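Going down the list, the sequences are from chains D and E. Going by the working numbering, the first residue of the first sequence is number 8, and it counts up by one from there. Going by the working numbering, the first residue of the second sequence is number -16, and it counts up by one from there.
Heads up, a few of these hints could be off.
Okay, derived cross-link-like pairs now, BS3-like style, lysine-lysine, Cα gap no bigger than 25 Å in a straight line [as the list claims (entries may be wrong)]:
| id | chain 1 | residue 1 | chain 2 | residue 2 |
| --- | --- | --- | --- | --- |
| 1 | E | K27 | D | K264 |
| 2 | D | K265 | E | K(-1) |
| 3 | D | K265 | E | K27 |
| 4 | E | K27 | D | K257 |
| 5 | E | K366 | D | K257 |
| 6 | D | K313 | D | K228 |
| 7 | D | K265 | D | K313 |
| 8 | E | K25 | D | K264 |
| 9 | D | K205 | D | K362 |
From the derived model, a few chain E residues whose C-beta atoms are all more than 12 Å from chain D [unchecked claim]:
| id | residue |
| --- | --- |
| 10 | V168 |
| 11 | K257 |
| 12 | E286 |
Among chain E residues calculated to face chain D with C-beta under 8 Å, some are [stated by the list, open to error]:
| id | residue |
| --- | --- |
| 13 | D52 |
| 14 | T66 |
| 15 | S125 |
Worth flagging that the hints you see were computed from the coordinates, not collected in a lab. This structure is a prediction, so every number in the text was calculated from the model and none was measured. In this text, a Cβ means the ideal position worked out from N, Cα and C, and glycines have one as well.
Read off the chains here:
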Amino acid sequence: MDRAAIIGVGMTKIEKNKVRDTFADMAWEAVNKALDDAGMTIDDIDNVVTTSSDFWDGRTISCMAVGDASGAAHKNVSCVEGDGTYGAFYGMTRSLSGSYKTTLVTGHSKGSQSVSSLITNSAFDPIYERGLGMDMVTACAMQANAYMHRTGTTPEQMAMVSVKNHGNALKNPLAQLPMKLTVSDVLKSEMIADPLHKLDCSPVSDGCAAVIIAHESVASKFKQKPVWLKGVSFCADSFFFGDRDISRAKSLTEAAKKAYAMAGITDPKKEIDVAEVYDAFTYQELMWLEEMGLADDATAGKLLEKGEFNMDGRLPVNASGGLLSGHPVIAAGLYGMAAVARQIRGDAGGFQVIKAKTGLVHGVNGLGGQSHCVWIMGKDK
Amino acid sequence: MAKRVAIVGTGQTFHKSHRPDVNGQELINEAVMRALQDADLKMKDIDAIVIGNMDHFEGINYVDCWSVDGSGGTMKPIIKLTTGGTTGCTVAIGGYHLVGSGMFDRVLIIGWEKNSESDTTGAITTAFDPIWDRQVFAGAISGLAAEAQAYIARYGATDRDGARVSVRDRKHAMNNPHAQLRKEVTLEEVLASPMLADPIHLLDVCPRTDGACAVIMASEDVAEKICPKPDWIWGTAVRHSYSYLGDADYGRLTSMREGSQEMFKKAGIREPRKELDVIELYQPYSFGGLIWIEDMGVVGPGEAPQYIWDGNTDMGGELPINPSGGVIATNPIGATGLIRCAEAAMQVMGKAEGRQVPDVNFAFSSGFGGCWWTDMILHGKKKPN
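The following block holds chain D by itself, in its conformation from the complex (with noise of 0.2 Å):
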């Protein structure tokens, strides 16, 4: 197999309402910083993938409102529905199938035009599960509930990490939360669904990321460092709740199992130094480093008290301040490409921590993580 790398990032700053932009107003602000982070043109790009959700945009066909702002007119191009790894994966398999030597890959989403309790809502059974209610917010109480449970991980852990990603967020011009906050805050904000309190929860955000992944015959061509994507790997476990053990995420073990073995990582807790983690809620940061095996089993809460995934700890996680400083839905993952490479390549600004030689970056699907995206990205090809 054939290597790529990603040779340029641009994203918009995450805010929670964006009124002066459409959805083409926020692809053409990434797309060309993405491009002049590349030291490119549109004229380089190859070929396009969109990201993008017919739900979350409220719109049939969604990638057709990015599809001009994002350059794609007369090349070819397709659209990703779900998170932005999974878009980046695409992309990836583009640039590596002959066809095509450079994609721009691209995702957006506005919360602030969606209502997502029902947005949601509709990724349940229409028979069986809908009818109850169910949104995201609910399933993944469930799912804290029984994570704790199995665990013994205490909400005083879960909201050092609110703390630790809102103040990381500080450094972080783009993020759409920067706070400084006390676990007492995080306890004490309006209990959203039991145990997560408002704190707990990622916010409603709009945003649009973009990434360029180039083949590796052209990777060096253009004037930024190339990002090497050594490693990925995604899989999806049963649909329904009652068919899984949602205090655990098997797909993403496996996922993260193969992305490693395809980067040649053998020990992953001392081989990845940076790892950006989907936080949509706080408890989940916690287990899918476990599930991943960047912690013990049931241990995560006690390493995050020692401070092992602060800034300056054995592995710092979400140094951008993650989705619960801003979590533009589907864009995510590629904001979490984008911080990652930007680690990598040593131009982090204030959230750069200090060694980033081999960086992890995990992308959801579906609900309370059924389906996970693992990417192992390097300095070195």
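Starting from the known structure of chain D, fit chain E onto it as the hints suggest.
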């Protein structure tokens, strides 16, 4: 190194207007089981799945996740691609890249739609810009009528020319047990059927269908072990250049022209009329069967009506088009483009039974979306260079 890619199995449902006997996952499963049977593979042999439909028809969010009980995606990589009417061809092209990249050896590709659960026009209308376009957009048929009128005005074609295409496809559907509408019609019946949007009569257009299609693609390392005579993918091309009303050159399908020129050039096809042996065109209404084969370069501008009247595109003619009966006989939208791909593959593999065109070396399949988008695939008997 990039891998060559071949289709090694196909499966589809027996398409109907309404399938109350199955839910979506079960509908998908019928196509998947038939494709696995055709390739003599088991679900455990499948390395990854690409799935697509149009979300707002069934109102199911995260279809990749929801579908796993039917698609077989549990504990496998599954990814959703969706591009409107072109979705079926888009997922096939997705499978091509997943295999071609060297990441996977065997990929299952699924397109499906349960149109009986949808308000099709209501859903399609939301595709268009809410401020500028949506208020004047009156569903898929009106846009197609504008295209047909522009073509008629430019080239002097008539509604009889369109009707001739419909007569052809509905006759061809008689040979396809999977087709939804299997009833021959006469030219007079087409012209006497209710006018939907001038010049389009009821019998000029496709129905709404419940159906699913599955295709299995394999890399050159394993393809010929699975299927001694697979269908090799020679090339793909896509153009989705239309975003706003006014981006189209009505009366010409520029996405077809640009895409086919690119794809034929890459594959070394100079004269598609002579070098192609069969076409499965995503042609949801009869006039598209005139306009779009001109943009494909089969014949010159304005020449399609005479070419079709002369019987060249009928079964037994120079270049049969839509031996399956095409979209006019069956249209489960998210599956429709993939059915074109599967039917073209069956022609190359010699598995098309009653609708088989003899000696197919090259076949062309396409996808079309209501915003003048075209996706296409070139299929060949010979392994590409």
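Here is how each hint holds up against the structure:
1. E:K27 / D:K264: The hint holds at about 18 Å.
2. D:K265 / E:K(-1): 41 Å, violated
3. D:K265 / E:K27: 17 Å, holds
4. E:K27 / D:K257: 18 Å, holds
5. E:K366 / D:K257: 40 Å, violated
6. D:K313 / D:K228: 44 Å, violated
7. D:K265 / D:K313: 29 Å, violated
8. E:K25 / D:K264: 24 Å, holds
9. D:K205 / D:K362: At roughly 33 Å apart (the allowed maximum being 25 Å), K362 (chain D) and K205 (chain D) break the hint.
10. V168: 31 Å, holds
11. K257: Holds, since 26 Å exceeds 12 Å.
12. E286: Given that every Cβ of chain D is farther than 12 Å from that of E286 (chain E), nearest at about 26 Å, it holds.
13. D52: With a minimum Cβ separation of about 6 Å from chain D (threshold 8 Å), the hint on D52 (chain E) holds.
14. T66: Holds: closest Cβ of chain D sits about 5 Å from T66 (chain E), inside 8 Å.
15. S125: Result: violated, 16 Å to nearest chain D Cβ.
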